[in-house]
Amino acid sequence: MNHQLYYCGFKIDSNVVFPELSQFESKNSGLGNIKIRIGKVNVPDRHKLLEGPNWAIGHEKSYWWLDGVLKTKITAEAITVDADHQAPAALVRALILEAPMTIAMQYHSAFCLRVSAVSQGSFVKAFRFLPGGGSSTAAAWQVCFRNNHTVSSDTLLTITLDSENTPIAWPQGSGLLLWPKSRSLLKLNHCPMLEVRSELPVRRVFLPSKNNPSKLGRIEVAASYRKLHQRTQGDLDLVTARQPFKFVALRTAGRLWIDPIGKSKEHFLWCLSIAKTVELRKATYADLYPTGNFSAELKKESHQKVQKKSPS
Amino acid sequence: MHTFWLASYPKSGNTWFRIFLSNLLYPEHAPVDPNHLPISNLIASARGPFEEILGFHSSLLTREESARLRPALDQIIARDWQDEICVRKAHDAYTLLPNGQPLLGEPPHFSALYILRDPWDVAVSAANHWGISIAETVDRMCCPGQNETKDLNATEQLPQQLLSWSEHVLSWANSPLDLCLIRYEDMYTDALPTFRKAVDFLQLPYDENSIEKAFRASEFKNLQKLETEAGFIESPRAGVKFFRKGIIGEGLELLATEQIEKLQEELEVVNQAIFNIGIN
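From first to last, the protein sequence lines stand for chains L and C.
No gaps in the numbering here: position 203 of the first sequence is 203 in my numbering, and each next residue is one more.
No gaps in the numbering here: position 92 of the second sequence is 92 in my numbering, and each next residue is one more.
Only chain L is shown next, with the shape it has when bound in the complex:
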């Protein structure tokens, strides 16, 4: 039995069940169709493809794998999945929604930023902290404590350009990956959520979601939510150096695959349009956590006292 699902602006025709996407009600799939099929995958002679540690990329087809978990073959039309029978099913599904989908979308000239994002009425704002820096938490906070905010994406934000080269962000539809500390601070323990895998406490949490594409308005960057006040290397250098183009290029999901897929020109123009029109700025506590207990908790965490000497 095949299932019709929606992910990052694409209609997914899958014979793999994806509970991760079942709560997403968008019917907007303007970017194209991708099939997901179970099948045998043998990674062939890779010499005609660009090789990485767990991928081999070509103009028309690519392979992406994780030893002991799954192998995938990817074309513009379909992702063929060959999963190890002992691999956790939720992990297999989560991985399909990351690298293989990113590659398949690139074949359609659809590129993603690796950010978390929320929709605020008519526009989308994205958060880009260092990996593990709390951008998912920042997005969740906005939805929980601010009016009219809904989830747009967590790991992948697909952006296309409309006829006037305005960047349009497409909702991802797979919830937010949140760890116990964030769920507890945000009091989300009773929300609908899915286990990603039984060995890990991270959960896919479903909050009210945006289900239509809208204009990307702003990207906020920081090293991590704990260091919003500080200078940082990397992303903020790019902001202060007024190099938003470089920021967008470097933060494109799967950027190493764009050249071997043959989409360099499209990607260049995509980066340029986003850089010209989207505001890129340093995130601050005031922007992200203006009120509420979470702000107090963050500050408390930031000022933990260090006991200098044990009572012994």
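Read the hints as simulated data drawn from the structure, not as lab findings.
Some hints here could point you the wrong way.
Covered by chain C, per the in silico footprint, the following chain L stretches (three or more residues, Cβ under 8 Å) [said to hold, decoys possible]:
| no. | segment |
| --- | --- |
| 1 | 53-63 |
| 2 | 89-101 |
| 3 | 126-133 |
| 4 | 198-209 |
| 5 | 262-269 |
We treat Cβ as the ideally placed atom computed from N, Cα and C, and that holds for glycine.
Dock chain C against chain L, hints included.
For chain C alone, coordinates are given in the frame of chain L:
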């Protein structure tokens, strides 16, 4: 390119050495801004390149699974390294994966410069950095097989296996890697010969004058001043200084007698092993 691990237990002078190295390699930028080092800041356990190169969210894997992927990743990073020399910070202990492969590489492609600091001073500095008590820090440093426990939240780094303080040192000392050991205390009291030794190990062609200039540009009081003025990207939390004091023997004044004794036992094990192995 050959990878030199700049290895140490946390809070043992690793960052200070990288600032020295930046001032040495880029004298035109000296004194370098610690927030914008001209050399790469890429730690062995960084999530960023893991996610960028492999193509998925690292939170989806267990600590064992992510560790299994790191050797292949380090090879790719070394292959594509752009700087003059590939020196990367590492706080992990040198351990073996379940398949017997070392987490942090093998000779001849990897070697290590190890910085050793008196454990009582590490304890004071690490307690401040980790935001826990000195007692808890000493327990952690003396607990065999100790892992960092970060399972309730993701952080900017992949989980690292530190082991106890002495196990950490000995894991590197007993590794098959070509290893140069320098002591943090010597970086203060016998600075130029100590930095000379490290520079020679890294096969960098710099004379005494260049080394001295780089050392002067990296003096701790300058780093403290810069942190006060502009903050520091590696500080653990708001209001907590990274370049705190950097002095020798503070731990002997602040730790309780039994804590010093526990750490003294750890140090004796290390000193004896280093003597037996014959590391200079």
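Status of each hint after checking the structure:
no.	hint	verdict
1	53-63	holds (count 3)
2	89-101	holds (count 5)
3	126-133	holds (count 4)
4	198-209	holds (count 4)
5	262-269	violated (count 0)
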